[in-house]
Amino acid sequence: MPTKILDLPVTERVLSGNRACAGCGIGIGLRAITKALDGRMVMTVPASCLTVLGGMYPISSVDVPWVNVAFPSTAAAASGLAAGLRAMGKADEMTVLAMAGDGGTGDIGIQALSGAAERNDDFIYLCYDNEAYMNTGTQRSGLTPAGARTTTTWSGKRENPKDMPRIMEAHGIPYVASTSAVYPTDVYDKVAKARTIHGLRYVHMNVPCPSGWGFDPKDTVRLGKMAVDAGLVVLYEVEDGVFRLTGRSAALAKSGKRTPVADYIATQGRFRGMPDGSVDEVQAWVDARWDGYVRRDTAGR
Amino acid sequence: MSTGTTEVMTGNEAAAAAVKLARVQVVAAYPITPQSPVVEQLSAWVESGELPAEFVTVESEHSALTVCITASTVGARVFTATSANGLAYMTEQVWWAAGARLPIVMCIANRAMAAPWNVLNDQQDSMSVRDAGWVQLYCRDNQEILDTTLQAYRIAERLNVPVMVCYDGFLLSHTVMPVSVPSVGDADAFLPKRPEPLQIVDVNDPRNIGPVVIADPRADASGQSCHGYMEIRALHQQALLAALEVVPEVDAEYAAVVGRGWGGLTWEYLLEDAELVLVAAGSLGTQATVAVETLRAQGVQAGVLGIRCYRPFPAAALRERLVGRKGVLVFDKALSYGYEGPICADLRAALSGEPDAPTVWGAVCGLGGRDVSPDHLVDAARRALADGHAGTRHRPTDWINLRLDG
Chain A
1 MPTKILDLPV TERVLSGNRA CAGCGIGIGL RAITKALDGR MVMTVPASCL TVLGGMYPIS
61 SVDVPWVNVA FPSTAAAASG LAAGLRAMGK ADEMTVLAMA GDGGTGDIGI QALSGAAERN
121 DDFIYLCYDN EAYMNTGTQR SGLTPAGART TTTWSGKREN PKDMPRIMEA HGIPYVASTS
181 AVYPTDVYDK VAKARTIHGL RYVHMNVPCP SGWGFDPKDT VRLGKMAVDA GLVVLYEVED
241 GVFRLTGRSA ALAKSGKRTP VADYIATQGR FRGMPDGSVD EVQAWVDARW DGYVRRDTAG
301 R
Chain B
1 MSTGTTEVMT GNEAAAAAVK LARVQVVAAY PITPQSPVVE QLSAWVESGE LPAEFVTVES
61 EHSALTVCIT ASTVGARVFT ATSANGLAYM TEQVWWAAGA RLPIVMCIAN RAMAAPWNVL
121 NDQQDSMSVR DAGWVQLYCR DNQEILDTTL QAYRIAERLN VPVMVCYDGF LLSHTVMPVS
181 VPSVGDADAF LPKRPEPLQI VDVNDPRNIG PVVIADPRAD ASGQSCHGYM EIRALHQQAL
241 LAALEVVPEV DAEYAAVVGR GWGGLTWEYL LEDAELVLVA AGSLGTQATV AVETLRAQGV
301 QAGVLGIRCY RPFPAAALRE RLVGRKGVLV FDKALSYGYE GPICADLRAA LSGEPDAPTV
361 WGAVCGLGGR DVSPDHLVDA ARRALADGHA GTRHRPTDWI NLRLDG
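Protein chains in written order, with our numbering: chain A, 1 to 301; chain B, 1 to 406.
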């Protein structure tokens, strides 16, 4: 049974007050993640928005052990933490959580991540996907959606984003999940399940970004949910090869009431001026993907 | 002192033997010639159970040093080794390991940098990261590789700075010599367990390790002022400079237990009355000892001053041994392109302003494995002497055994 929001643990590991932008979705997700791991964890974090959220020396906003590392090295850092803790006889004391953004995961960090996945090293890798290099001022990443204007794609990115969860699935790791920070119970349940599994567990978490996407900070949750309703972001998990849609995405598959991508695109400054033809192309891409997810859900693999 | 064994082994095998004696807990490995046999040997020992360690077969050198960084952060004793482009590829993490003040030991089987490709020996790889904040030790032979690698853990863990043990690729890494291996008891007596790390990873006492640090000191939540970036860097420099004391101390401790020492920062041969001093690091120093014997037979009062510890640079020790001589000829197996050899430039700076400083000549040799014979060193010494007699004060770096015209 999915956890209900009122049943989430009350102990907060993300302290009140941090340096993230107003309306940043990372904090919502991180609260659920740290609760799912009950604080029995060590995080490793590369240069990213999350570094900023974590605070500047000597003040920290997160009440769990946290090891900062260089940009390309997140997954290898987690491998080293896991190996070091095993060597020190402390592997049972904490779960190792690598947490990096979309650029840190799908671009500069993909080599180390692929290596760790092939070795099935024992940690959870969580990619928080705000769909561009937000910490450095909204440059396009390999996970930026088509049509989005960034500071390196001034007339809109031409390519669709790479599908990181599918790439991770292809490594044959025991657990892959896709979630959204605006559904904290979905995040919680997936990280809580991942905690009970050994080997490399990959969780991909969509995170709306007011400053990078161009929307009012009060709308973070609303827009995150619109992305799920449009089928752009899909909530699912693949456990030992068994695929299933979860939460809102499972409900949408039943009801068949996905909303048009155009409605979602109209809410954000980054898509302003996107030609109708391009919107149609994204809609067609989303439709085809969605059909695939529904087929997999029906087939269970 | 208890009896060890004497075995014929390569430099790489000597390094691996030291790592095993050091009871290293995490090894991260990525192959590159000529380093690979070190981690191949360690892998075999981990699989057979002779070395109870985690062995992480990473997908790159960048990840190899990353694994060492975080495993060391949680308190494990760690090891990796690399060469040339592998070292260049992990350069970001070379800086990180030092700035994070982690007692990592890494062996460098010195190899030429590409392009063009070349797998043979020079020292351009490690010289290119001399500024990153590691202790750098250069070895003359395979025995010194074993002894220095063991000593490196003691140095690193006393100072919380990482140590590179550099030895010439193929010339030492793949060449066999008799090597005396200390007993496990002696190794344990010399090298205790790793002390507590500077930073701790503990769920009951959470810390944010290595966060953003601003330029100026900043108050913590209770109002206590904490260091800014520049204070943290100054403390790192202090620790590195303290190695000028600690490297010889550790060598003396090692000699007391194992019965063999290497002289600490520098070593010398026929130096006492030498008017012309040949300076070199690594196995080139051994060749220089042969060259000075020839020079002496020819009536030149020559001696050798070998650089064992290149970073921190033993400026005071070098001044003490070199001021008052007539000439110093520095042989570098590396170049700061656009200037001169790194050891030569550093030595000039160390002697600058000394009233009785010798003339310093620079020579570069052995790049990409180009043969260097003692005769070449003798010839270079005679050219330097001739230039000295002619009163030449500045001359271009002498490229030894260079054949531009085919």
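Note that these hints are calculated values from the structure, not bench results. Accuracy of the hints is not assured; some may be wrong.
[As the list claims (entries may be wrong)] Just so you have them, the derived chain A footprint on chain B, three or more residues with Cβ under 8 Å:
(1) 19-29
(2) 158-167
(3) 174-180
(4) 239-253
(5) 257-271
(6) 316-324
[What the hints assert, rightly or not] Here are the simulated BS3-like pairs of lysine-lysine, each with C-alpha atoms no more than 30 Å apart in a straight line:
(7) A:Lys225 x A:Lys193
(8) A:Lys90 x B:Lys20
(9) A:Lys225 x A:Lys90
(10) A:Lys257 x A:Lys162
(11) A:Lys162 x A:Lys90
(12) A:Lys90 x B:Lys193
[What the hints assert, rightly or not] One-sided and incomplete, this derived list gives chain A residues near chain B with beta-carbon spacing under 7 Å:
(13) Leu85
(14) Gly89
(15) Ala91
(16) Trp285
(17) Val294
Heads up, the beta-carbon is just placed ideally off N, CA and C, and yes, glycines get one too.
Index of numbered hints that the structure contradicts, given in increasing order = Going through the list in order, the structure violates hints 2, 3, 4, 5, 6, 9, 11, 14, 15, 16, 17 and respects the others.
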